[in-house]
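Novice: Going down the list, the protein sequences come from chains Z and Y.
Note that the working numbering has the first sequence beginning at 1, numbered continuously upward.
Note that the working numbering has the second sequence beginning at 442, numbered continuously upward.
What the hints contain is simulated information worked out from the structure, not anything from laboratory work.
This one's a predicted model, so the numbers in the text were calculated from it and none came from an experiment.
Beta carbons are placed, not taken as given, at the ideal position from N, Cα and C, and that holds for glycine.
A few of these clues could be false.
[Stated by the list, open to error] Far from chain Z by the CB rule (all over 10 Å, computed), these chain Y residues:
hint, residue
1, Ala-443
2, Ala-447
3, Thr-484
4, Trp-490
5, Thr-527
6, Pro-528
7, Tyr-568
8, Thr-570
9, Trp-572
10, Leu-605
11, Cys-606
12, Asp-611
13, Thr-613
14, Ala-614
[As the list claims (entries may be wrong)] Cβ pair distances, simulated, as ranges:
hint, chain 1, residue 1, chain 2, residue 2, range
15, Z, Val-9, Y, Gly-547, 39 to 49 Å
16, Z, Ile-7, Y, Leu-521, 27 to 37 Å
17, Y, Gly-607, Z, His-363, 49 to 59 Å
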Amino acid sequence: MYDLLSIEVLTLLFFGLLFVFIMLGVPLAFVLGGLSIIFLYFEQGPIAFYLIASKMWDLMETSSLIAIPLYVFMAMLLERSGVAHDLYRMMHLWWGGVRGGLAIGTVGICTIFAAMSGISGAAVVTMGTIALPQMLDRGYDKRLALGAINAGGGWGILIPPSILMVLYALITEVSVGKLFAAGVFPGLLLFALVSIYIGVRCWFQPHLGPSLPKEERADWGEKLSALRAVFLPIFIIFIVLGAIFGGFATVTEAAAVGVFGALVASAINRKLTWKIISESSLRTFRLTTIITWIVFAAHAYSMAYTAMGAEEFITHMTAQIPGGKWGALAFMMFVLFLLGMVLDPVGIMLITLPVFLPLVASHGFDPVWFGILFVVMMEISYMTPPFGFNLFYLRSVAPPDVTMKDIYWSVGPYTLVELTGLFLIVLFPAIALWLPNNLFQ
Amino acid sequence: MAALTAFARAVTNTNALIGRLASYAVLILFVLLLSDVIMRYVTQSPISWSALASKIVFGIYAIIGGGYLLARRDHVNVDLFYGNFTPKQKALTDIATSFLFFLFLGVLLTEASSMAYDSISRLEVSYETTWRPAIWPSKSMIFVAAFLLLLQGIVKLIADIMILCGIEVDETAFGPLRDDEHDEKETV
Numbered sequence: 001m002y003d004l005l006s007i008e009v010l011t012l013l014f015f016g017l018l019f020v021f022i023m024l025g026v027p028l029a030f031v032l033g034g035l036s037i038i039f040l041y042f043e044q045g046p047i048a049f050y051l052i053a054s055k056m057w058d059l060m061e062t063s064s065l066i067a068i069p070l071y072v073f074m075a076m077l078l079e080r081s082g083v084a085h086d087l088y089r090m091m092h093l094w095w096g097g098v099r100g101g102l103a104i105g106t107v108g109i110c111t112i113f114a115a116m117s118g119i120s121g122a123a124v125v126t127m128g129t130i131a132l133p134q135m136l137d138r139g140y141d142k143r144l145a146l147g148a149i150n151a152g153g154g155w156g157i158l159i160p161p162s163i164l165m166v167l168y169a170l171i172t173e174v175s176v177g178k179l180f181a182a183g184v185f186p187g188l189l190l191f192a193l194v195s196i197y198i199g200v201r202c203w204f205q206p207h208l209g210p211s212l213p214k215e216e217r218a219d220w221g222e223k224l225s226a227l228r229a230v231f232l233p234i235f236i237i238f239i240v241l242g243a244i245f246g247g248f249a250t251v252t253e254a255a256a257v258g259v260f261g262a263l264v265a266s267a268i269n270r271k272l273t274w275k276i277i278s279e280s281s282l283r284t285f286r287l288t289t290i291i292t293w294i295v296f297a298a299h300a301y302s303m304a305y306t307a308m309g310a311e312e313f314i315t316h317m318t319a320q321i322p323g324g325k326w327g328a329l330a331f332m333m334f335v336l337f338l339l340g341m342v343l344d345p346v347g348i349m350l351i352t353l354p355v356f357l358p359l360v361a362s363h364g365f366d367p368v369w370f371g372i373l374f375v376v377m378m379e380i381s382y383m384t385p386p387f388g389f390n391l392f393y394l395r396s397v398a399p400p401d402v403t404m405k406d407i408y409w410s411v412g413p414y415t416l417v418e419l420t421g422l423f424l425i426v427l428f429p430a431i432a433l434w435l436p437n438n439l440f441q
Numbered sequence: 442m443a444a445l446t447a448f449a450r451a452v453t454n455t456n457a458l459i460g461r462l463a464s465y466a467v468l469i470l471f472v473l474l475l476s477d478v479i480m481r482y483v484t485q486s487p488i489s490w491s492a493l494a495s496k497i498v499f500g501i502y503a504i505i506g507g508g509y510l511l512a513r514r515d516h517v518n519v520d521l522f523y524g525n526f527t528p529k530q531k532a533l534t535d536i537a538t539s540f541l542f543f544l545f546l547g548v549l550l551t552e553a554s555s556m557a558y559d560s561i562s563r564l565e566v567s568y569e570t571t572w573r574p575a576i577w578p579s580k581s582m583i584f585v586a587a588f589l590l591l592l593q594g595i596v597k598l599i600a601d602i603m604i605l606c607g608i609e610v611d612e613t614a615f616g617p618l619r620d621d622e623h624d625e626k627e628t629v
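Model the full assembly from the supplied sequences, consistent with the hints where possible.
Specialist: In structure tokens, the structure reads:
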């Protein structure tokens, strides 16, 4: 049968069937696994099946993957450590007097949270619970407030540590440390752009984000004492990122250090109970297992893809895209944007990278820089309907008068702001690459 | 029908118990890796076996929960259309597409069993460090994990057939039937 089908038809079938079954609601891991069995059978026969189990064993032996449960655990603990609550209080006191200040403060907390967490969900849930009701109470525009949390909540995967970068590094074989370092300034750039957007809009349209009335504003004594809230986060960021960038520990070991920091923070805030540890362990186990099974199946899928010889065909096809290397880059970003509307980032990454990486290499793009663009696109995918995890998280914690329609409409302007950020990183690769190139000689 | 429900309950409860127990392994990973870092800088003598031990623990941790996830319908899927299906339409779709699951798990189970057989018959150990831990138990875990997931998949298939035939399904035994609730789902 293999001989009868041309590589064009086969490639089309390979990705077409993937799409069809995903759309039919079949879990991603089983679509990838099942299809790879079918294609391996027709390409190489049952003799190739031993690869399925042996690849699984290889991944079980991959020490960089151990970072995943630890960073997830760290985020789950921090989510309930009370750290975000104290941070919000501080931001409220310091920024409340500025138009749009509470929203800017909220994305500021998202940035700090992102530097402590390798996943996105934690920030959306905590800010949706703490900051959203406060902003709505103070007369903030629903969409402005929702969009701010939606956008800021996605930065967890761009600002180090990042689970998505751990996976990206595993597939592309670039250094995780470099990727982490490359995420720092792009993350700060997005924070700056989103803050400017909020600040400017609220300056001209004060009804969107009114400043607090004079009598509600804090005096300097209160403001200064509230600053204590940043000690714990800075301590955690310092020990984790310091350990990685200073070369004191591997990314995986630093994750264990981060868990320690999260436990200390919970203990200081008197939130450290066995119940929280036990529940966080279970949620960590679920999320890790979701990821690892997709990774196992996707490995089989990319083996089938390579065995098929489709790589050459795809490279040949994409050579037809007009605009040379920039055309190819725009095309890849567009594909990611579309996939981001329906699929989750881990799945998108594992499906597209085997196809994209040869392109990235043939056009001479830096794989670290491309990784950052990739992650920014994934953040946008978190917040774009119909399938964006941030949307569902936000829905699950928002007050009842916030409708799904509000949440959908809120993301429009913020998506444009983040795309602007992406464009700047494309124009000025140094935004991403300066830090890793100077940290790791 | 009572026998089927009892079988389903046994499988679902076993997977739930395994998930609960395995989830605590993250604490072991934490202690192993943290103590390695501390020992390296405080006593200048790293623990030679902790990196390898954490790999072995992680390997089992990473795969054993496949069945547990399926019992909770937690494997990530896209419910853009699926979410709007009626229970019967969902059941029909799941039955029609279940060949993907059974192909994948069938092959995985077969290959994992020969890998486990080979590993156990020579009592395989790791040669990575001077500490030579047995790795045949963790290698055999692929077989166990695949088996647990396959069983849960059979339970899911039975439930779908029952729904299609209009027989009432006990969700505490077969796992939840609705999976359009995003609130509980976890993501990166």
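Novice: The structure should be examined with respect to each hint, and the outcome stated for every one.
Specialist: Status of the hints after comparison with the structure:
1. Interface exclusion of Ala-443 (chain Y) from chain Z stands, the closest Cβ pair being 29 Å apart, more than 10 Å.
2. Taking the minimum C-beta to C-beta distance to chain Z, about 26 Å, the non-interface status of Ala-447 (chain Y) holds against the 10 Å cut.
3. Non-interface call for Thr-484 (chain Y) relative to chain Z: holds, since the shortest CB-CB distance, roughly 15 Å, exceeds 10 Å.
4. At the 10 Å boundary, the C-beta of Trp-490 (chain Y) stays outside the reach of chain Z, the nearest C-beta of that chain being 14 Å off.
5. The beta carbon of Thr-527 (chain Y) is kept farther than 10 Å from every beta carbon of chain Z, the shortest such distance being approximately 13 Å.
6. With a closest Cβ-Cβ approach of about 13 Å to chain Z, Pro-528 (chain Y) is found to remain outside the 10 Å limit, as its non-interface label requires.
7. Once the 10 Å rule is applied to beta carbons, Tyr-568 (chain Y) is consistent with being away from chain Z; the minimum gap is 13 Å.
8. Against the 10 Å criterion, Thr-570 (chain Y) stays outside the reach of chain Z, whose nearest CB is about 13 Å from its own CB.
9. For Trp-572 (chain Y), the condition that its CB be more than 10 Å from all CB atoms of chain Z holds, with the nearest at approximately 15 Å.
10. Every CB of chain Z is more than 10 Å from the CB of Leu-605 (chain Y) (nearest about 16 Å), matching its label as outside the interface.
11. With a closest Cβ-Cβ approach of about 21 Å to chain Z, Cys-606 (chain Y) is found to remain outside the 10 Å limit, as its non-interface label requires.
12. Listed as a non-interface residue, Asp-611 (chain Y) keeps its Cβ farther than 10 Å from every Cβ of chain Z; the least gap is roughly 22 Å.
13. Every Cβ of chain Z is farther than 10 Å from the Cβ of Thr-613 (chain Y); the closest lies at roughly 18 Å, confirming the non-interface assignment.
14. For Ala-614 (chain Y), the requirement that its beta carbon stay farther than 10 Å from each beta carbon of chain Z is met, with the minimum near 21 Å.
15. Against the hinted window of 39 to 49 Å, the Cβ-Cβ separation of Val-9 (chain Z) and Gly-547 (chain Y) comes to about 27 Å, which falls outside the hint.
16. Checked against the given bound of 27 to 37 Å, the beta carbons of Ile-7 (chain Z) and Leu-521 (chain Y), roughly 30 Å apart, stay inside it.
17. Checked against the hint of 49 to 59 Å, the pair Gly-607 (chain Y) and His-363 (chain Z) passes, with Cβ atoms roughly 57 Å apart.
Violated hint for the displayed structure: number 15, the only one.
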